[in-house]
Amino acid sequence: MSNSNVPATLRFLLAARRCELHALESLAGTCELVVLAGQLVHALQKERGWSNLYLCSDNDDGLQKLAELASETTHAEQVMRNYLDALVSGPSPVCDKAHFFNRAASAFQRLDALPGLRRRIRGRHTPAQDAESTFTDLIASLLAMVFEAADSALDPDVTRILVALLNFIQGKELSGQERAYGVVGFRAGYFTDGQKARMASLVARQQRSFDVFAQFSPQTALQTWRQLDRPAQDVQRMRAMLENTSEPQRVGVDLAGIWLDLCTQRIDGMREVENTLAQALAQLCQQRTAETRKELDDRRLLLRRFTDRANGKEPSMVYRVQGRIADIPPPDGIGDDMDRSIVDMLCEQTMRMQEDAKALASVRRSLDERTRMEKAKWMLINRYRLSEQEAHEHMLRAAMDSGVSLGEIADRLLEQSREN
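Numbered by full-length UniProt numbering, the letters in the sequence shown go through residues 1 to 420 in order.
Derived from the structure by calculation, the hints contain no laboratory data. Nothing here was measured: the structure is a model prediction, and the numbers come from that model. The beta carbon of each residue, even a glycine, is placed where N, CA and C say it ideally should be. Each hint should be verified, as a subset may be incorrect.
Derived CB-CB ranges, DEER-like [what the hints assert, rightly or not]:
| # | residue 1 | residue 2 | range |
| --- | --- | --- | --- |
| 1 | A15 | N275 | 35 to 41 Å |
| 2 | A67 | N244 | 35 to 41 Å |
| 3 | R418 | R250 | 25 to 31 Å |
| 4 | Q109 | D60 | 27 to 33 Å |
| 5 | D261 | A197 | 38 to 44 Å |
| 6 | M379 | D130 | 19 to 25 Å |
| 7 | D254 | A197 | 21 to 27 Å |
| 8 | K294 | D268 | 36 to 42 Å |
| 9 | M379 | K294 | 42 to 48 Å |
| 10 | D157 | A67 | 41 to 47 Å |
| 11 | E390 | L414 | 38 to 44 Å |
| 12 | Q78 | F12 | 43 to 49 Å |
| 13 | Q287 | Q265 | 32 to 38 Å |
| 14 | T74 | Q265 | 31 to 37 Å |
Think about it this way: if two alpha-carbon atoms lie no more than 25 Å apart in a straight line, the pair counts; the simulated DMTMM-like pairs of lysine to aspartate or glutamate are [claimed, not checked]:
| # | residue 1 | residue 2 |
| --- | --- | --- |
| 15 | K358 | E348 |
| 16 | K97 | E419 |
| 17 | K65 | D268 |
| 18 | K375 | D229 |
| 19 | K97 | D157 |
| 20 | K97 | D112 |
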């Protein structure tokens with residue numbers, strides 16, 4: 001039967017549902033990428049912290065640990081490389097992913113330089129601050145790639161968990177920066193005023209990320225997060241301790257190892273929360289995809305009934321959206337029941353899409369702001385050869401000087417970039 005004999009309403013309903021299914025399948029791939037990137041970021045965070053401890057010490061006790069961590073990172077990196085290679089060479093169209101692949105290229109350029117950094121660290125041919133900055137820029141490039149991939153998320157329920165996960169990963173990364181940077185100060189025996197200011201900034205930025213996470217997180221992940229009280233209290237005590245240090249008032253350098261261990265306990269606990277969110281995300285993606293496939297099958301069944309009717313065959317029993325058999329006349333006796341089934345589908349799908357659009361708009365505000373900030377930050381990094389920390393500080397100073405939010409500064413920078 002040609003398409004011309006099928007009601008246009010039904011054809012377009014089927015087309016709309018196929019588009020939704022394709023979007024959900026793409027979103028499931030994005031969620032898988034977020035999980036793989038999270039595994040790699042976690043490995044890099046550990047390697048960064050222990051590298052700083054090794055570079056700030058005067059013995060080789062940490063070499064074996066660094067070798068183990070490098071092996072973990074290399075494994076996580078290879079898993080993600082395999083996933084992205086399959087994405088590039090797979091049958092699915094990737095023409096709409098230009099910005100994403102550009103971010104991926106930037107991230108992998110930094111990953112390719114990682115073996116050289118490791119050699120310099122083992123030979124103590126690089127300062128701890130430079131090594132930390134290189135790791136941080138690499139992690140930032142991976143997170144920028146993930147945010148770019150998530151920018152096209154359309155399902156409101158999945159997007160809620162995705163926003164929670166992305167903000168939690170961002171907060172965890174800032175916790176990792178605090179861990180690595182704190183090692184340097186404790187190993188020196190005191191923190192300068194500038195170091196104290198940066199530590200305070202990292203704590204404040206963590207809190208903002210975790211606040212957004214709490215706003216959108218499912219209860220299971222939120223409960224796991226709230227159980228991390230003990231490590232957080234120990235870290236908080238050491239935060240207070242470092243505030244009281246100065247060149248004349250030093251603390252023991254062995255506190256660097258204690259700080260690293262306490263922060264690692266806390267961050268490993270965060271990894272559990274991250275895994276809980278990732279599991280919830282995967283389950284919801286599977287559920288929504290299965291529901292959409294089922295609805296698409298229902299619409300195809302109705303299409304086959306039209307084909308049978310056109311060919312003079314006895315139609316099979318078809319059920320309306322509300323569950324009534326299509327061959328039974330409606331109670332009010334109005335219209336052909338087949339036509340009513342199509343109208344029901346149209347009304348149901350239109351109402352659901354309107355509700356989804358409203359729900360998505362409220363969720364995406366947070367994701368959109370974070371994405372714009374990431375884009376603005378990377379524009380500064382690429383244009384002025386800044387580190388991730390320098391780019392953030394540049395935006396923060398501009399926000400303070402102008403009396404506006406970081407989001408507004410990001411919008412201004414992006415607008416200036418478009419004009420140029």
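Hints, one by one, checked against the model:
The hinted range of 35 to 41 Å is satisfied by A15 and N275, whose Cβ atoms lie roughly 37 Å apart. At about 37 Å, the beta-carbon gap between A67 and N244 stays in the expected band of 35 to 41 Å. At about 51 Å, the CB distance of R418 to R250 disagrees with the hint of 25 to 31 Å. At about 31 Å, the beta-carbon gap between Q109 and D60 stays in the expected band of 27 to 33 Å.
Restraint check, D261 to A197: a C-beta distance of roughly 25 Å breaks the suggested window 38 to 44 Å. Restraint check, M379 to D130: a C-beta distance of roughly 23 Å satisfies the suggested window 19 to 25 Å. Restraint check, D254 to A197: a C-beta distance of roughly 25 Å satisfies the suggested window 21 to 27 Å. At about 40 Å, the beta-carbon gap between K294 and D268 stays in the expected band of 36 to 42 Å.
Remark: the range hint 42 to 48 Å for M379 to K294 is upheld by a beta-carbon distance near 44 Å. Taken as a hint, the range 41 to 47 Å holds for the pair D157 and A67, whose Cβ atoms sit roughly 43 Å apart. Taking the beta carbon of each, E390 and L414 are about 18 Å apart, not inside 38 to 44 Å as hinted. For the pair Q78 and F12, the supplied restraint of 43 to 49 Å holds, since their beta-carbon distance comes to about 44 Å.
The hinted range of 32 to 38 Å is satisfied by Q287 and Q265, whose Cβ atoms lie roughly 34 Å apart. For the pair T74 and Q265, the beta carbons lie near 24 Å from each other, so the given range of 31 to 37 Å is not met. Simply put, K358 and E348 have alpha-carbon atoms about 16 Å apart, close enough for the 25 Å limit, and the pair holds. Restraint check for K97 and E419: satisfied, since their Cα atoms lie roughly 23 Å apart, inside the 25 Å limit.
A C-alpha spacing of about 17 Å is found between K65 and D268, which places the hinted pair at or below 25 Å, so the restraint holds. Our distance criterion of 25 Å between C-alpha atoms is broken by K375 and D229, whose separation comes to about 34 Å. Distance restraint check for K97 and D157: the Cα-Cα separation of roughly 23 Å lies within the 25 Å cut-off, and the hinted pair is therefore satisfied. Under the criterion of a C-alpha separation no larger than 25 Å, the hint pairing K97 with D112 is consistent with the structure, at around 22 Å.
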